[in-house]
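Colleague: Here is how the chains run, residue by residue.
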Amino acid sequence: MTISPETAAVGDTLPTITFGPVSRTKLALYAGASGDHNPIHIDLDFVKRAGLDDVFAHGMLSMAQLGRVATDWAGSDRLRGLSTRFTAITPVNATVTCEGRVTERFEQDGTPMLRVALTAKVDDGTQTLRGEALVSAA
Amino acid sequence: MGIFDRNTAEHETAPINVTVERGAVAFFAETIGETNPIHFDADAARAAGHPDVVTPATYPVVIEMAAAKIGKRNGVPDTQDVIKVDNRYVLHGSESYTYHGPIYAGDTVEVISRVKSFADAKGGALEIANLELEIRHPERGVLAVAERTLIHRLPKEKQG
Numbered sequence: 001m002t003i004s005p006e007t008a009a010v011g012d013t014l015p016t017i018t019f020g021p022v023s024r025t026k027l028a029l030y031a032g033a034s035g036d037h038n039p040i041h042i043d044l045d046f047v048k049r050a051g052l053d054d055v056f057a058h059g060m061l062s063m064a065q066l067g068r069v070a071t072d073w074a075g076s077d078r079l080r081g082l083s084t085r086f087t088a089i090t091p092v093n094a095t096v097t098c099e100g101r102v103t104e105r106f107e108q109d110g111t112p113m114l115r116v117a118l119t120a121k122v123d124d125g126t127q128t129l130r131g132e133a134l135v136s137a138a
Numbered sequence: 001m002g003i004f005d006r007n008t009a010e011h012e013t014a015p016i017n018v019t020v021e022r023g024a025v026a027f028f029a030e031t032i033g034e035t036n037p038i039h040f041d042a043d044a045a046r047a048a049g050h051p052d053v054v055t056p057a058t059y060p061v062v063i064e065m066a067a068a069k070i071g072k073r074n075g076v077p078d079t080q081d082v083i084k085v086d087n088r089y090v091l092h093g094s095e096s097y098t099y100h101g102p103i104y105a106g107d108t109v110e111v112i113s114r115v116k117s118f119a120d121a122k123g124g125a126l127e128i129a130n131l132e133l134e135i136r137h138p139e140r141g142v143l144a145v146a147e148r149t150l151i152h153r154l155p156k157e158k159q160g
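Chains as they are written, first to last, in UniProt numbering: chain U, 1 to 138; chain W, 1 to 160.
FYI, nobody ran anything at the bench for these hints, they're computed from the structure.
Even for Gly, the Cβ is constructed at its ideal location relative to N, Cα and C.
Treat the hints loosely; a few may be bogus.
[Claimed, not checked] 30 Å max Cα-Cα, derived BS3-like pairs, lysine-lysine: (1) W:Lys69 x W:Lys116; (2) U:Lys121 x U:Lys48; (3) W:Lys69 x W:Lys122; (4) W:Lys72 x U:Lys48; (5) W:Lys72 x W:Lys158; (6) U:Lys48 x W:Lys84; (7) U:Lys26 x W:Lys156; (8) W:Lys122 x W:Lys84; (9) W:Lys84 x W:Lys69; (10) W:Lys116 x W:Lys158; (11) W:Lys122 x U:Lys121; (12) U:Lys121 x W:Lys72; (13) U:Lys48 x W:Lys122; (14) U:Lys26 x U:Lys48; (15) W:Lys84 x W:Lys156; (16) U:Lys121 x U:Lys26; (17) W:Lys116 x W:Lys72; (18) W:Lys156 x W:Lys116; (19) U:Lys26 x W:Lys158; (20) W:Lys72 x U:Lys26; (21) W:Lys122 x W:Lys72; (22) W:Lys156 x U:Lys48; (23) U:Lys26 x W:Lys122; (24) W:Lys158 x W:Lys122; (25) W:Lys116 x W:Lys84; (26) W:Lys72 x W:Lys84.
[Unchecked claim] Covered, in the sense of this in silico footprint (three residues per stretch, anywhere, with C-beta under 8 Å from a C-beta of chain U), are these stretches of chain W: (27) 8–20; (28) 47–58; (29) 103–117.
[What the hints assert, rightly or not] From chain W, some residues computed to sit far from chain U (all C-beta separations above 12 Å): (30) Ala24; (31) Glu30; (32) Ile151.
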């Protein structure tokens, strides 16, 4: 069943987005596309000198997927806020599963709004992002 | 101790103008796996009533990076340099966007970056920087505000 922001109720779930596996090539492309050139995500030599075993994915690449969960469902025009904590690093080659669930319906300045809890998890079930979207339900 | 330069709290960069480029938006959208063509196809965006491609939800971070690079070319250090981020130890703690209006390809926006505050955590094993970014359009006003925390996992010799 398809739900829409106008009629969504607390507990309704949004369509899940699965992204990956997040390859080294994808991390290099994301570094270029985003302008975030931190070598910790793309340069194994730098990473080894910093005492780590391997590169890890940009948290913002997973946050972009949380954004897609919200906007694929509600449309860009309805998105009023998007926030997340990065609760664990995303290993290279992980597949990221992003889910959303409506947790509150409320009014803000006379406009009906939805609060959507968002999570990202990697293959072994570790939660990597925990956030929320604020979506206009008008 | 710590690594961040705590004297930089309340530092604010002068506004930097960034022009949002259609090709850059499309490259970003395709890289993140965006499937809605309003984010990479100008014709599809116009058909949906937009003046040009619409930036995806996390695009403020790209505009910020662009502003930082423009600043550096003009001798203005970016916020990461100002607060002395060490890429060997830094983690992204949180990121939050408040949207006031769409950002389209073709827009020239003003970007203002602020250092809000610093804090310690985990008994001095971590230190946290709170940052803020504002993206303004000269006619449409504030389009987006971003808040971010960066965390240093401090090596032993920098703790305490």
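Colleague: Indicate, hint by hint, whether the structure satisfies it.
Modeller: Checked hints:
For the hint pairing W:Lys69 with W:Lys116, the CA-to-CA distance comes to about 21 Å; that is within 30 Å, so the pair holds. About 26 Å separates the Cα atoms of U:Lys121 and U:Lys48, which keeps this hinted pair within 30 Å; it holds. Simply put, W:Lys69 and W:Lys122 have alpha-carbon atoms about 33 Å apart, too far for the 30 Å limit, and the pair is violated. Simply put, W:Lys72 and U:Lys48 have alpha-carbon atoms about 28 Å apart, close enough for the 30 Å limit, and the pair holds.
With a C-alpha separation of about 28 Å, the suggested pairing of W:Lys72 with W:Lys158 holds against the 30 Å cut-off. The straight-line distance between the Cα atoms of U:Lys48 and W:Lys84 is roughly 21 Å, inside the 30 Å bound, and the hint therefore holds. A C-alpha spacing of about 33 Å is found between U:Lys26 and W:Lys156, which places the hinted pair above 30 Å, so the restraint is violated. At most 30 Å may separate the alpha-carbon atoms for a hinted pair to count; W:Lys122 and W:Lys84 meet this at roughly 21 Å.
The straight-line distance between the Cα atoms of W:Lys84 and W:Lys69 is roughly 16 Å, inside the 30 Å bound, and the hint therefore holds. Restraint check for W:Lys116 and W:Lys158: satisfied, since their Cα atoms lie roughly 22 Å apart, inside the 30 Å limit. Taking the CA atoms of W:Lys122 and U:Lys121, the gap is about 25 Å. The hint holds against a cut of 30 Å. With a C-alpha separation of about 36 Å, the suggested pair U:Lys121 and W:Lys72 falls outside the 30 Å cut-off, and the hint is violated.
Distance hint between U:Lys48 and W:Lys122 is fulfilled; the C-alpha atoms sit about 25 Å from each other, no more than 30 Å. Pair hint U:Lys26 plus U:Lys48 holds up; C-alpha atoms about 20 Å apart against a cutoff of 30 Å. Of the supplied pair hints, the one linking W:Lys84 and W:Lys156 holds, its CA atoms being roughly 18 Å apart against a limit of 30 Å. Among the hinted pairs, U:Lys121 with U:Lys26 is consistent with the structure: their alpha-carbon atoms are about 18 Å apart, no more than 30 Å.
Proximity of W:Lys116 to W:Lys72 is assessed by CA-CA distance (about 21 Å); at most 30 Å being required, the pair is judged to hold. Taken as a hint, the W:Lys156 and W:Lys116 pair is honoured in the structure, with Cα atoms around 26 Å apart against an allowance of 30 Å. With a C-alpha separation of about 34 Å, the suggested pair U:Lys26 and W:Lys158 falls outside the 30 Å cut-off, and the hint is violated. Between the alpha carbons of W:Lys72 and U:Lys26 the distance comes to roughly 27 Å, so the proposed pair stays at or under 30 Å and holds.
Using a Cα cut-off of 30 Å, the hinted pair W:Lys122 and W:Lys72 is violated, with the two alpha carbons roughly 34 Å apart. Under the criterion of a C-alpha separation no larger than 30 Å, the hint pairing W:Lys156 with U:Lys48 is consistent with the structure, at around 18 Å. Distance hint between U:Lys26 and W:Lys122 is unfulfilled; the C-alpha atoms sit about 33 Å from each other, more than 30 Å. Restraint check: the Cα-Cα separation between W:Lys158 and W:Lys122 comes to about 14 Å, which is no more than 30 Å; the hinted pair holds.
The hinted pair formed by W:Lys116 and W:Lys84 meets the criterion: a straight-line CA distance of about 14 Å does not exceed 30 Å. As the CA atoms of W:Lys72 and W:Lys84 are separated by approximately 15 Å, the hinted pair is consistent with the 30 Å bound. Against chain U, the segment 8–20 of chain W contributes 0 residues with a C-beta closer than 8 Å to a partner C-beta. That does not satisfy the three-residue criterion, and the hint is violated. Judged by the Cβ-Cβ criterion of 8 Å, the segment 47–58 of chain W is covered by chain U as claimed, because 4 of its residues qualify and three suffice.
Three residues within the 8 Å Cβ limit are the bar, and the segment 103–117 of chain W against chain U gives 0, so the coverage statement is violated. A cut-off of 12 Å between C-beta atoms contradicts the statement that W:Ala24 is not in contact with chain U; the least separation is 8 Å. Look at W:Glu30: its CB is around 8 Å from the nearest CB on chain U, not clear of 12 Å, so calling it non-interface is violated. Remark: the non-interface label on W:Ile151 conflicts with the geometry, its nearest Cβ contact in chain U lying 9 Å away (cut-off 12 Å).
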